[in-house]
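Q: Here's the letter readout for the chains.
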Amino acid sequence: MPTFVYMTRCDGCGQCVDICPSDIMHIDTTVRRAYNIEPNMCWECYSCVKACPHNAIDVRGYADFAPLGHSVRVRRDEEKGIVAWRIMFRNGKKDMTLIAPITTKPWGQHIPKLKEVDAPSKEMRDSQLLYNEPKYLRFDEGGLHTLEAAGLKMKQGVFY
Amino acid sequence: MAYQTIIEDDIDILVVGAGLGGTGAAFEARYWGKDKKIVIAEKANIHRSGAVAQGLYAINCYMGTRFGENKPEDHVRYARIDLMGMVREDLLFDMARHVDSTVHQFEEWGLPIMRNPKTGAYQREGRWQIMIHGESYKPIVAEAAKKSADKVYNRICVTHLLMDESRPNRVAGAIGFNVRTGNCHVFKAKAVIVAAGGASNIFKPRSVGEGAGRVWYAPWSSGSAYGLLIGAGAKMTQMENRIVLARFKDGYGPVGAYFLHLKTYTQNGYGEEYESKWWPQLQQMVGKEYLDPDSWHLTHRPIPTCLRNHALISEVNAGRGPIHMVTMEAFQDPHLEEIGWHNFLGMTVGQAVLWAATDVDPKNENPELTTSEPYVMGSHATGCGAWCSGPEDVSPPEYFWGYNRMTTVEGLFGAGDAVGGTPHAFSSGSFTEGRLAAKAACKYIDDGKAEGIRVSDEQINRRRAEIYKPLEHYRIYRNEITAGTVNPNYITPRQGLDRLQKLMDEYCGGVSTNYMTNEKLLNIGLKKLKYLEEDLEKLGAENIHELLRAWELKHRHLTSEAVMHHTLFRKETRWPGYYYRGDYLKLDDENWHVLTVSRRDPETGEYTMEKAPCYHLVED
Ligand SMILES: Cc1cc2nc3c(=O)[nH]c(=O)nc-3n(C[C@H](O)[C@H](O)[C@H](O)COP(=O)(O)OP(=O)(O)OC[C@H]3O[C@@H](n4cnc5c(N)ncnc54)[C@H](O)[C@@H]3O)c2cc1C
Ligand code: SF4
Ligand code: SF4
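Here the protein sequences come in this chain order: H and Y. Under the UniProt record's numbering, the first residue of the first sequence carries the number 1, and numbering increases by one thereafter. Under the UniProt record's numbering, the first residue of the second sequence carries the number 1, and numbering increases by one thereafter.
The following block holds chain Y by itself, in its conformation from the complex (with noise of 0.2 Å):
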């Protein structure tokens, strides 16, 4: 084929993906790297790209601590009760220490952040989050990453790490290609941030016709991260917990403001409170130190999101829906109503046309809410990500292994969605992590640990076959059928979406399971899947764009395994509301008080799976 090999070589960070996380690592590396080769690559236009294209109207984590509203401690506590225990609390701990220094200095950017006209203080949403202006935050992110790295690779859709051949485990760059010109990228590179972002897309969502892209999670999340960094062996944790979102029906606009800000609340059909009468059945669940209705007057906890979710979800099951967010009532105070309009056209501009649509005036009427499919991801409400070194001064010795943010695969870091046991998180901690990640990163060289790295020839050619393969398939079987797309040697891209959604959907508690899921449907869930890995090598791309679908969906798979691998090795119900095990309908506190590890040998792609301990912020 004609495309060329571009080689960028002599790189000392190559940042991949500059979303949140991306961003806030290419801009830091500049600082600890100052004559450091700093390079990103990025699939689409650092501009508008990853999660927050759009923009956000709140940034949902802030301490405060300025304001002396809240410690890091704090907020660890409150990661850890919303998920269940399983979190990794030195790296909450480290993210949440540092945090208020990324916010202080987006707004020296000049990012529009409110402020509390009595108290001077940020203005607060809930007890973590602050509103924001953010129309421009993905553009103003991309302005500092510019000005920091030193060459920015728009439109590369990275496909594979590259592995140093001098020493095993270690990562010497990565490879993909140009969606616009279609050629080869290689850059050699002796340390790797990963910052590609989370995974939407993944189990058949609620709309399958047009509406299909109106995932709650970008619909370009496509798992990349995941993909990448499972691809070269490291080691992921806690990839069973995915994230079911209650929100608005359809357009799945956000409703945190809603709730915190607006102060709305739900009902069920006919008008009446639901969730308490769920607590007594949900208790015997998952035991009363996770869900205390009596006590939580006095210790101001949570209630886990999953757990509300779970009230949702049953109340409709009775029979009682559709819920409603009561916005009547808010909606009358002009202010108010204005917040809620500007809330999606902030972040999500699809629900502010639906409800233009369909005649929804949130003044005169209670729109329905609903429980989205299940994403994979590690920044909101829940922690699927790579297996990750913390900071020295806080993480017990079995999660050190010398540089904070380091994946199991040396010289390979993460940040964002690609970090494990990090939930809550979100726009701001993912930034911090990837400052966190660049700073590591950037001693991994200069301890001179990235020595010595060698990428043959043969390494290139072999990923660039591979890259290339879809394209060569559709070229040679294209002209053996008449028109259009069934044949019998190649799938498209779209057709191996469908079938992974379906799959996931039906055997890994997708929706029209309820969530549900046990061991004999995850064991034929991995079967198919092993189908379709094998289909997957058959992938017919017709053109550079579709060659772009086909490696989202060949990194949607690699994630799909590792939660499928995940969820059977859990048995117990961690998270209802998120997925149930009807086999172990039970939270077991007793076996699994763990978190889960994972790792698929690159060879072979065998999984073998492991229990981490959970170590846990204690007053001393």
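Chain H extracted, bound-state conformation (with noise of 0.2 Å):
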């Protein structure tokens, strides 16, 4: 099945049942532990498998087309801000390790409380701008695009 607990890792915390976007990791109440219960519904969007503190969790590519004997792990770190990924194929003759950034700053810092920012005036609520526009259109002088600075129309009829 697509996600897969090991049973000598996983200590039941739940943090795959809260993330999983398709609500199938479920916890089994005879073992106390995770598991996926529709398989047949999994993207292996690996959300859990970031997700799960132990590292209990794997995926085995689904049983329609991927023949057994592979692995592709993950290791996300929000402090490091990078996501690492291990790669081995069926046959061993690959074994990549690729890794990326996942943010560039600390986590929601750089995020503005808009309940704190000034207020809209009367003359920006009549316009068509957004939130800080026109300043992040951007940065510079252009303003918001309209037809008739553009010299354009809406025309009815067959245009290509």
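Simulated from the structure, these hints should not be mistaken for laboratory data. The beta carbon of each residue, even a glycine, is placed where N, CA and C say it ideally should be. Each statement offered as a hint is correct.
Between beta-carbon pairs, the in silico distance windows are: (1) H:T104 with Y:P613: 39 to 47 Å; (2) H:G14 with Y:G484: 24 to 32 Å; (3) H:G142 with Y:R454: 41 to 49 Å; (4) Y:P397 with H:A119: 28 to 36 Å; (5) H:R125 with Y:R320: 58 to 66 Å; (6) Y:S166 with H:A119: 26 to 34 Å; (7) Y:G484 with H:D95: 43 to 51 Å; (8) Y:G319 with H:N91: 26 to 34 Å; (9) Y:D294 with H:E148: 32 to 40 Å; (10) Y:D35 with H:G142: 28 to 36 Å; (11) Y:N543 with H:E116: 42 to 50 Å; (12) Y:G319 with H:T97: 38 to 46 Å.
DSBU-like, lysine-lysine: derived pairs with alpha carbons at most 35 Å apart: (13) Y:K235 with Y:K449; (14) Y:K146 with H:K122; (15) Y:K147 with H:K80.
Since each chain comes alone in its own frame, lean on the hints to assemble the complex.
A: In structure tokens:
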């Protein structure tokens, strides 16, 4: 099945249950550990794999078309701001590690709290502008594009 | 039943579904509505929900006006030709003129956007796409939505919109249930922004076993945006315009970066270029205006996505498959090889899993491509969705009724996949549409348009009873049988989904008919959809998880019915390669250079179809 859980690593913390967008990681009432209740609704999105604090979740490619004996593992580190992948081929010939940044800033700190920024003026409200525009639009003196400024018209009919 | 009813009252703006559109709406709403009560109701967890749950490796809609690259009208022309003329150019122009500000914000928030070391501009993948390290794209935009919203309700499956009882055709909130506790949640709101995403799993997927979840669009894209809006009587547009994707076989890994950045290309099973030989025949179907290879070098017009699909499908049908992506040249460069793999890990890990499992090293062999089952959505290379008002300064009268991105139901707005006629918005454009809808929704409330809303207990109780009916039905009939899933009184949500997929596939132009349908087939399909509708009243859900699946199925069913009606209405083949009307195999500009608009009467379930004019942006 797409995701599965190693018996000896899972402690039933429920992080995977909390994050799975498909609502398919559930805690088994007998063994008190997580498992995938509906493998054919799993996207192999790895959200649960990344969220598990004990690396207890792994993925085995879909039985319809993926032969056994491969591995794609991931480790996501919010502190360091990176995600690290390891891909191992079935025939053992390829073993790749790939690392990518996941953010350039400390988490959430550079997202403004809009309740605290200055309220929009009436002029702004009556215009077509959005928050922080036109500044964010171009970071220069240019304004919002309009039909008039661009010499354009909306016309009915067949145009290509 | 012991489930509580929890009422959240006095909401100003309710955001239903917080994917890219919904997070954009929640974030921006706070700016225009400082003291407004903003609430999110999301079926999963906003940190990893929607189509971007696993991340993206590219932002596919960015003008780059700041770097002197493109103007909004350029993008409108591109989307227009890609969709064979059928787009809402007012909405597109509006999205395109704002989208850069969204992307610049993302970068400030910490989303890693790659830069071109030579020019200092964002690294382009193609004319409209820029490359990102987007593993945490969704957690980052979720953070922004959380900072603005008063309350985020995760794990609420919204089943219906609530309607105002003091004034017809005005929205009053939404209702649903908590996927964990089972409790019923009522949201009374002055304005609602629906951003509950597109629809996968409506047509039978190519993989029907364990791999049925490896659909191209996420398996949790349940068509709820459409189900909710159609259920409330909102008009829909272009619902026939489903999309078929040419992707790596089985894993459905993305090909954008491969074509555009890695410069890989396709060939048939015999190693030959095949596309161009289909152009003369195709030109007869669609006309020279839409396909004119001789003038390509002059106009730089792209070949519409559907037409390239047509060439691929035709070549395979001619017995010269499979189609291969030629990767062996590009992948000799270790840097490009790395990008190729990162591209999968960033947005379709399953493709990397599959290649690892089948020892496909694109350096040594050219992987197979295929065309997917159809999907119904409105933000990728297609434009299904609600018929919405455009902005005041751009839209002609037929496209404007007061508030930007407002549907034909008062106070009910849309964003992302929910809005029709706006293809090529993608992640950044969907977020931008959410921002536009939020500003308009605040104005709607400030203008006093939401005064005196009334929702009776009767309405709430009626919906509540409907919500739990599948659980109730199961409880009553389960013990009539010994064990198992075969019961004469109910079907399970999975059984219902299998039936829906099979009939859409066979009657509405899915993979097993090579995307072919006609009037006769569609009429049979509509009849079968009605039977299914009756059986959906008899769904049996064993537990709350199955109740979630039951409601997803009901939303998928409503979506499908609209798709079937629209496909029947448009008597031409507008998008060869997406689907074919066998009884009208040609594009017909004389009669069908129009947008299709439908409305389902919420009382009777009857459909009415109409044509709406197609306006184009042209030079003065
Ligand atoms: C494989 C893939 C690759 C893509 N590649 C790119 C790319 O490279 N670049 C790019 O820019 N875009 C890309 N896209 C497109 C982009 O992801 C979408 O355009 C965008 O996410 C659409 O936004 P949305 O808000 O309409 O839907 P979504 O982001 O899907 O959000 C819908 C939300 O609604 C919630 N919801 C659904 N039903 C209910 C309900 N009943 N009640 C409550 N909540 C509900 C969902 O859980 C979800 O959170 C890609 C998409 C996919 C699937
Ligand atoms: S991989 Fe994604 S869909 Fe599958 S169980 Fe994990 S979180 Fe859910
Ligand atoms: S997150 Fe990991 S440890 Fe926690 S329940 Fe899930 S599998 Fe077990």
